[in-house]
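A.B. asks: Each protein sequence line maps, in turn, to chains A and B. Counting from 0, one number per residue, gives the positions in the first sequence under numbering that gives the first Met the number 0. Counting from 0, one number per residue, gives the positions in the second sequence under numbering that gives the first Met the number 0.
Hint data in this document are derived by calculation from the structure and do not stem from the laboratory. On a predicted model such as this, the values are computed, not experimentally measured, just so you know. Be a bit skeptical, because a hint or two may be false.
Footprint (simulated), chain A over chain B, 3 or more residues, beta carbon under 8 Å [as the list claims (entries may be wrong)]: (1) 33-44; (2) 140-148; (3) 161-173; (4) 204-210; (5) 283-295.
Note that the Cβ used here is the ideal one computed from N, Cα and C, for glycine as well.
Residues per chain, in single letters:
There are 2 protein chains.
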Amino acid sequence: MRIALDAMGSDNHPGPELEAVVEASKRWGDPILLIGPEDLLKSSLANFQYDPKLIKVIHAPEVLQMTDSPARTAKGKAESSMAVGMDLLKSAEADAFVTAGNTGGAMANALFRLGRIRGVKRPALGTVFPVKDGQAILIDIGANADCRPIYLQQFAVLGAVYAEIILNKPDPRVGLVSNGEEAGKGNLLVKDTYPLLEKSGLNFVGNLEPKELFAGEADVAVTDGFTGNILVKTSEAVAKLLTNLIRTEITSSPISSVGGLLSRSAFRRVGVTLDPAEYGAAPLLGVQGLVFIGHGRSDTKALINAIRIAREAVEGDLMKALETAITSRL
Amino acid sequence: MRIALDAMGSDNHPGPELEAVVEASKRWGDPILLIGPEDLLKSSLANFQYDPKLIKVIHAPEVLQMTDSPARTAKGKAESSMAVGMDLLKSAEADAFVTAGNTGGAMANALFRLGRIRGVKRPALGTVFPVKDGQAILIDIGANADCRPIYLQQFAVLGAVYAEIILNKPDPRVGLVSNGEEAGKGNLLVKDTYPLLEKSGLNFVGNLEPKELFAGEADVAVTDGFTGNILVKTSEAVAKLLTNLIRTEITSSPISSVGGLLSRSAFRRVGVTLDPAEYGAAPLLGVQGLVFIGHGRSDTKALINAIRIAREAVEGDLMKALETAITSRL
Chain A
0 MRIALDAMGS DNHPGPELEA VVEASKRWGD PILLIGPEDL LKSSLANFQY DPKLIKVIHA
60 PEVLQMTDSP ARTAKGKAES SMAVGMDLLK SAEADAFVTA GNTGGAMANA LFRLGRIRGV
120 KRPALGTVFP VKDGQAILID IGANADCRPI YLQQFAVLGA VYAEIILNKP DPRVGLVSNG
180 EEAGKGNLLV KDTYPLLEKS GLNFVGNLEP KELFAGEADV AVTDGFTGNI LVKTSEAVAK
240 LLTNLIRTEI TSSPISSVGG LLSRSAFRRV GVTLDPAEYG AAPLLGVQGL VFIGHGRSDT
300 KALINAIRIA REAVEGDLMK ALETAITSRL
Chain B
0 MRIALDAMGS DNHPGPELEA VVEASKRWGD PILLIGPEDL LKSSLANFQY DPKLIKVIHA
60 PEVLQMTDSP ARTAKGKAES SMAVGMDLLK SAEADAFVTA GNTGGAMANA LFRLGRIRGV
120 KRPALGTVFP VKDGQAILID IGANADCRPI YLQQFAVLGA VYAEIILNKP DPRVGLVSNG
180 EEAGKGNLLV KDTYPLLEKS GLNFVGNLEP KELFAGEADV AVTDGFTGNI LVKTSEAVAK
240 LLTNLIRTEI TSSPISSVGG LLSRSAFRRV GVTLDPAEYG AAPLLGVQGL VFIGHGRSDT
300 KALINAIRIA REAVEGDLMK ALETAITSRL
């Protein structure tokens, strides 16, 4: 198995990427393709101990910037690490591609260079997140700000395959994110999507309010990319606000400071449960190749987790399962 | 000043309502109208010490149920405490009406019995919530699942007046909730609303991602009722998940238990900062009267806070300011 990693993706590239490939090559013993400016990567790798047979540097002189327009970079920057990674997937020289670069750029490059799975109208970005006693996938979290019911139906199919293969949930429960749990609640998009999911053959459990979603009442939560993005970013913002508030309050008096010190390991365990780095990267589902997009803030641990998930996707033949599901379900 | 309170609104009615009116009558010394079944309320009030000149029971034999269809109750249940409360506003026997009942029922009753402020296309529900170093109002959080740009522009005007009068923010900063902070980001609704807000004469600060919203970068956050509802409910769900996780982890070992005990007051202070009860009730803006809708879970404290805010709205002549703003801005 060959996983390709964009060396120039994360905010602190290529440090975390270098550490991640070195560690991943030791952990799994499979060759990894590291994509970026050859001179830079080779000289940086010289600082590490690793098996040179397992890390292959693929030259890509250009770097995608956050300010680059996604559409323009896909066509104009053919030698960016992002573009080269997609091309390696296309030519089957890599089995999966992991990048912590600009999400818009990754999507544009994937669409332009890989294309969609036959029958898929809009690829979507999923994210795995923690719920009570487990994990669920939320899809779409940002690829499509404006959606039609048929797109959401397809997101449900793609998300269900992912939940089955990567989250090990047979016959996953699919819910539709809404502002009320009763059937008939929702905006027009939700109301029109509901009957499509009811007759989709999926294990549809109806509308999901955020509280049900976090209570783990579905394995797949389907929504449009605007709402999904707001939902994910609100979760992150509230978790951060709350953590900061607790930290400020705890250090504000000597007694609660001691208390904070004594309960520190408990806080650390909560942090691990909620840490996005634990979940690695967001799968871009519906394109002709396995693409995983990590957060720009990804550190070494997050990238290793992303590589781990990409490996599981290759091992479970996620690509074939997605294609089959789209053909048979729609 | 006369505030009217729906005695049958909260999940545990009328207990919290009775305690709230008794306390409010002592605190402010103004008469309060308590609406519900007369016999029940009078016999229950007999258990309290209060000045009978300050609490006037208004008979309303019917009670709105959560299962009642909002539209039907507005027209069909003319003697519900909700309907009677709105009628008291209409006849100017009350200056503001507070209810912790069914939100849909309250909106339907307000629209049917009070009507809209002249020029307002859609009334909206706002909510005040905690941000870093202060408070902000988010509008709409559920009255209108599907919106047009002009509705959002009006929500901005209504929310800005509220922020100015109730949150004491002169020339409040208005932001548009979006999936990216750069101009041009968003779904079609956001993209079409942006230019309207730019030329609205309001202090428009552009798009707001949830992290900016919670960082306090705007005083008024404008969104459609579907997105706003998901945003509020996600905040509540994440705060609850995080609090439960911390509690579970802290009690899982003897050392962190002691730590949790010592830092308990810090947790309590964080709880107060985030407690919806601190913020009382959501204003329904754009109807011909001051209506405040509390959470079904409202307790005595939340209801007293709701009465306090309703009083501030009357004192600041919020109604007139809203009418003037709608006429002059649009």
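A.B. asks: With reference to the structure, classify each hint as holding or not holding.
C.D. replies: Quick rundown of the hints versus the structure:
no.	hint	in the structure
1	33-44	violated (count 0)
2	140-148	holds (count 3)
3	161-173	violated (count 0)
4	204-210	holds (count 3)
5	283-295	violated (count 0)
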